[in-house]
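Using the sequences plus the hints, can you model the full thing?
As a plain string of letters, each chain reads:
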Amino acid sequence: MKVYTPEDIEMFNKLLDLNMSEERKKAVLPTYQDWITRAEAMDKKMSQKGFRDILPCNIFKHGN
Amino acid sequence: MGYKELSLAEIAKKIKDREVSCQEVVRECLDVCKAIKDYNAFISLYEEESMKLAKAYDEMIACGYVLGPLHGVPIVIKDNIAMAGTVTTAGSKLFKDNLTEEDATAVKKLKGAGAIIIGKTNMHEFAWGGSTSNEHYGYAHNPWDFTKNPSGSSGGTGIAVAARAAFGGLGTDTGGSVRLPSSVSGITGIRPSIGRVSNYGVVPLAYSLDTVGPMCRTVEDCAIMLEVIAGHDYHDKNSQLKPVEDYTKDLNKGVKDIRIGVIKDYCFNHNQPDVEKCYVEALKKFEELGAVVKEITIDNLDTLIGAIMVVDAVEPSAYHLGWLRECPEEYADEIRIELEAGCFFTGTQYYQALAYRTLIAQELEEAFKDVDVIITPTVPYTALSIENPVVEFTPGVREDPLHANMCYTAIPSVTGKPALDIPAGFDSDGMPIGIMIIGDSFREGMCFRVGNAFQQATDYHKKAPKLDHAVPPVD
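Top to bottom, those sequences are chains X and B. In terms of the working numbering, the first sequence is residues 1 to 64. In terms of the working numbering, the second sequence is residues 1001 to 1475.
No wet-lab data here; the hints were simulated from the structure. By construction, the Cβ of each residue, glycine as well, lies at the ideal position given by its N, Cα and C atoms. There may be inaccurate statements among the hints.
To be verified - Computed list of lysine-lysine pairs in DSS-like fashion (alpha-carbon distance at most 25 Å, straight line):
| # | chain 1 | residue 1 | chain 2 | residue 2 |
| --- | --- | --- | --- | --- |
| 1 | X | K2 | X | K26 |
| 2 | B | K1111 | B | K1237 |
| 3 | B | K1004 | B | K1016 |
| 4 | B | K1034 | B | K1463 |
| 5 | B | K1052 | B | K1034 |
| 6 | X | K45 | B | K1264 |
| 7 | B | K1284 | B | K1369 |
| 8 | B | K1004 | X | K44 |
| 9 | B | K1093 | X | K26 |
| 10 | B | K1034 | B | K1055 |
| 11 | B | K1462 | B | K1256 |
| 12 | B | K1093 | X | K25 |
Claimed, not checked - Which chain B residues stay away from chain X? Per the calculated CB distances, all over 12 Å, these:
| # | residue |
| --- | --- |
| 13 | K1014 |
| 14 | R1027 |
| 15 | K1249 |
| 16 | D1250 |
| 17 | K1284 |
| 18 | V1293 |
| 19 | L1324 |
| 20 | P1401 |
| 21 | F1426 |
What the hints assert, rightly or not - Listed next, with one range per pair, are the computed distances between beta-carbon atoms:
| # | chain 1 | residue 1 | chain 2 | residue 2 | range |
| --- | --- | --- | --- | --- | --- |
| 22 | B | G1068 | X | E40 | 47 to 55 Å |
| 23 | B | K1466 | X | K2 | 30 to 38 Å |
| 24 | X | Q33 | B | K1052 | 47 to 55 Å |
| 25 | X | D17 | B | G1085 | 53 to 61 Å |
Printed below as a string of C-alpha cells:
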C-alpha cells in the first residue's frame, strides 16, 4: 500500500488552488489515504488485460 | 385513534370519499411534526400554508374536484429538493438563504396530484454522508431509539414517515440515501432507475448517480408516489423517454415462480447476526410464497467500493470546487474534508470507475437473464449510535465503515438499476432491519410486486416506533 504524506497533499493544493492551511492538509490526509487505496485497487484491476477494452457508457443501455 | 396508522392509499381514498377532511388529516400530521421536534426531522415546517391549502382542497372536493391520487395527503420532502417560495438549504450553511423560485419537477408533479407538502426534512449536509448528523440544523435521532442516528442522507424523511408525521416523503439516493434510512427507520423506500425521475431542481451530489425516490410505509404507497413523480423531463437531459407504467397494476400478482437471485459468496457471513437471520428468513418466506431462490454470480464486486467512491467523490467535488476555493469555512469539517479528498482523484481513475460501472452493469444484465429480481440485505447492520457510530458484526471487532455502508446499496447505484427497501424484521434490541429488492432497469413494477407479496404475508411494515422523546407523547 502506498503511503501518502502532507507533501503529496500540498501538491494537490497547489494544482487545484485550494489555498489549504496546514491544519486542513493534515485533516484530509487520513480520508484521502483510505479512499485512494481503494481507488488504486480498482485502477489496478481495470488496467489489466481483459478489462482495458471495457469502455465507460455515458448513456446506460436499458433493458426492455 | 386518528388517521396516522392508515397508509397513504387508505387516507387518499378516505379524503376522496369525504370520510375525513383534508384539514383534519393535515392538522393531525402537523401535531406529530411538532411533537417530534427533538428528533430534528425537519428544517422547515409550513403549518399556516398547509392548513390554508387543506381548507382550499376541502372546498374543491365539496365541489366535486379532485386534483389527483394524492389530493389532500400530507407529504414531506428532503431539503435539497426545491419548492417555489421556500428556502432550499440542502442541509448546509452555504445555502441557508437559498430562496428557490421554481418547484423541482418532482415537486410540481406532487402538487399537481394534490399533495400538500407540509415541511422540508433534515438531511446530511449536501447529502454527502449517511448519518444525518447535521452540524447546522441539528443531529437527527432515530425514531426507534433516540440515542441512535436515522442513517442518511435522507434521515429526516425517514424519521417523519416512520413517526407518522406524514403519509409519504421524498428522499434522494446516490449511494444509498433513500434505502439506508428506510432500512434503519423501518419503512419502505425505492431508489428508481437512473433517469426514471427528473433531477431538475434537486441540489446534486453526484449527478451521474443521483435519483429522487419515494419513502413511505408500504410498497403500495411507494408505487403510487413513484407513478406521480416519474417521467421524462426536458429540463433534465439525463431523464429517460421511457413511458411511465401503472406501478400498482401487478402489485397483487404474488411471487409464484418468480426467480429470486442471491449473489453467491457475497450476501452471507458478513452481516450482523440478526440481519443475516432476517435475510435468511425472508428468503424462506419468499420460497413459501412460491418463488424460486437461486444463486447468481457477479464476479467483480471486489473493487465495487473503490469504484463508487471515485464517482461519488469526484462529482460532488467538481460541483463544489468554486465554493471550496472561495469559502471553505462555510462547510462542516467532515464535508469539507470529503470535498477536498474528492478533488485529488485523477481523470484516469474517474474514467476507470466509469468503465467499472459498465463491467458490473454487464454482469448484472447477464444475471437478469436467469432471475427476475436480486435480493440482498439493504445494509449489514442496524441503526448506529450517534455518539459512537462504529459498525461491528462481532462485538469488539470494528468493520470497515465504507464497505459496511455500501456493499449492497452500491450495486444498483453504479449500474442504474432500481432497488426497493422493505422492512424484514427487527434485531434483539427492537431496531428495524431491511432487505433490498433489485430489479432490472425500468422494472420498478417487478420490485413492487415482489415487495408487496412480502408485505401481504408479514406485518413488519405496520410496526410503529414508540417515539420516547415526543412531546406530547404520540399515540
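Status of the hints after comparison with the structure:
no., hint, verdict
1, X/K2 with X/K26, "holds, 17 Å"
2, B/K1111 with B/K1237, "holds, 23 Å"
3, B/K1004 with B/K1016, "holds, 17 Å"
4, B/K1034 with B/K1463, "holds, 21 Å"
5, B/K1052 with B/K1034, "holds, 18 Å"
6, X/K45 with B/K1264, "holds, 21 Å"
7, B/K1284 with B/K1369, "holds, 23 Å"
8, B/K1004 with X/K44, "violated, 53 Å"
9, B/K1093 with X/K26, "holds, 24 Å"
10, B/K1034 with B/K1055, "holds, 20 Å"
11, B/K1462 with B/K1256, "holds, 24 Å"
12, B/K1093 with X/K25, "holds, 22 Å"
13, K1014, "holds, 38 Å"
14, R1027, "holds, 43 Å"
15, K1249, "holds, 17 Å"
16, D1250, "holds, 16 Å"
17, K1284, "holds, 29 Å"
18, V1293, "holds, 22 Å"
19, L1324, "violated, 6 Å"
20, P1401, "violated, 9 Å"
21, F1426, "holds, 32 Å"
22, B/G1068 with X/E40: 47 to 55 Å, "holds, 51 Å"
23, B/K1466 with X/K2: 30 to 38 Å, "violated, 49 Å"
24, X/Q33 with B/K1052: 47 to 55 Å, "holds, 54 Å"
25, X/D17 with B/G1085: 53 to 61 Å, "violated, 37 Å"
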